[in-house]
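Student: What follows is the residue order along each chain.
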Amino acid sequence: MGQRVAYTLDSTLDSVNKAEETADNLAQKAGFAEDDRHKIAMSVREAAVNAVLHGNSYDPGKKITVEYEMTSEKMSIVITDQGVGINEQTLPDPLAEDNLLKSSGRGIFLIRSFMDEVRIRDLHPGTEITLVKHVSAPETDAQGEMK
Amino acid sequence: MSLKASSRQVNGVTVLDMSGRVTLGEGSVVLRDTIRDVLSKGNKKILLNLGDVTYIDSSGIGELVSAFTAVRKEGGDLKLLNLTKKVHDLLQITKLYTVFDVKDDEAVAISAFGK
Numbered sequence: 001m002g003q004r005v006a007y008t009l010d011s012t013l014d015s016v017n018k019a020e021e022t023a024d025n026l027a028q029k030a031g032f033a034e035d036d037r038h039k040i041a042m043s044v045r046e047a048a049v050n051a052v053l054h055g056n057s058y059d060p061g062k063k064i065t066v067e068y069e070m071t072s073e074k075m076s077i078v079i080t081d082q083g084v085g086i087n088e089q090t091l092p093d094p095l096a097e098d099n100l101l102k103s104s105g106r107g108i109f110l111i112r113s114f115m116d117e118v119r120i121r122d123l124h125p126g127t128e129i130t131l132v133k134h135v136s137a138p139e140t141d142a143q144g145e146m147k
Numbered sequence: 001m002s003l004k005a006s007s008r009q010v011n012g013v014t015v016l017d018m019s020g021r022v023t024l025g026e027g028s029v030v031l032r033d034t035i036r037d038v039l040s041k042g043n044k045k046i047l048l049n050l051g052d053v054t055y056i057d058s059s060g061i062g063e064l065v066s067a068f069t070a071v072r073k074e075g076g077d078l079k080l081l082n083l084t085k086k087v088h089d090l091l092q093i094t095k096l097y098t099v100f101d102v103k104d105d106e107a108v109a110i111s112a113f114g115k
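Quick mapping for you: the protein sequence lines, in order, are chains A and B.
Under our numbering, the first sequence has 42 at position 42, and the numbering climbs by one with no breaks.
Under our numbering, the second sequence has 27 at position 27, and the numbering climbs by one with no breaks.
Worth double-checking, as some hints may not be accurate.
[Unchecked claim] Below are the EDC-like pairs computed for lysine to aspartate or glutamate, each with C-alpha atoms no more than 16 Å apart in a straight line: (1) B:Lys85 with A:Asp93; (2) B:Lys85 with A:Glu97; (3) B:Lys95 with A:Asp93.
[Stated by the list, open to error] Here are some chain A residues the structure puts well away from chain B; computed CB gaps all over 10 Å: (4) Lys29; (5) Glu46; (6) Pro60; (7) Lys102; (8) Ser104; (9) Glu117; (10) Arg121.
These are calculated hints, taken from the structure and not from any lab test.
Small disclaimer: the values here were computed from a predicted structure and weren't measured.
All C-beta atoms, glycine included, are put in the ideal place defined by N, C-alpha and C.
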């Protein structure tokens with residue numbers, strides 16, 4: 001049986017911090033190691049920044065929602081905004097030589113680097129991004145015994 | 001924890017000791033203002049000590065890149081010192097480790113400015 005928590009938040013930097021802190025706390029409770037907790041929390045931060053800044057443009061009339069779900073197999077986070085939406089196909093490659101010295105455009109790339117699954121959906125209007133991190137199986141030795 | 005910066009001069013190099021988080025908002029602004037202030041005083045050799053920087057997000061990475069290009073534009077040089085593993089890994093996966101001159105020894109870093 002999974003656990004689910006959801007928040008509706010203003011389009012502010014405080015909301016970004018809250019989304020990140022909540023992700024870190026829940027990942028810790030779910031038993032993720034420190035390195036994975038960092039990756040989950042940072043991915044949620046990046047996605048929340050996109051929602052607040054690029055999606056809703058800090059519009060006080062628009063909200064973001066952040067939904068966390070933990071099961072024994074994975075942690076899923078779904079973040080939505082009410083902005084104009086993004087086109088994944090037009091996102092520049094931050095590793096391309098011409099883009100290396102650009103000051104922005106790395107958020108989605110980092111999320112994809114850190115999470116096991118990332119899905120972006122255009123809500124017309126708004127964007128929904130789903131982040132998934134799988135719970136790693138415990139390490140076992142050659143005989144299959146848990147370490 | 002917000003970003004704090006303190007400055008010292010070592011053999012003509014401005015060493016900026018940073019501590020805290022470089023993230024969208026206050027942290028990025030502190031870094032930007034600090035670099036701008038150093039450049040405005042005519043100091044163009046900058047060593048950014050990130051040993052106590054616990055966290056950088058994509059906005060913070062962007063601010064580091066902006067600092068690097070701003071210093072280079074003025075004919076100066078910016079090097080990074082004492083990266084934590086998290087920051088090191090971030091620069092690796094964003095390919096910026098090849099852009100920045102990264103050192104883990106202050107004396108070596110200072111002498112590298114003279115070369």
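Student: Could you tell me which of the numbered hints above are not met by this structure, giving the numbers in increasing order?
Tutor: 1, 2, 5, 7, 8
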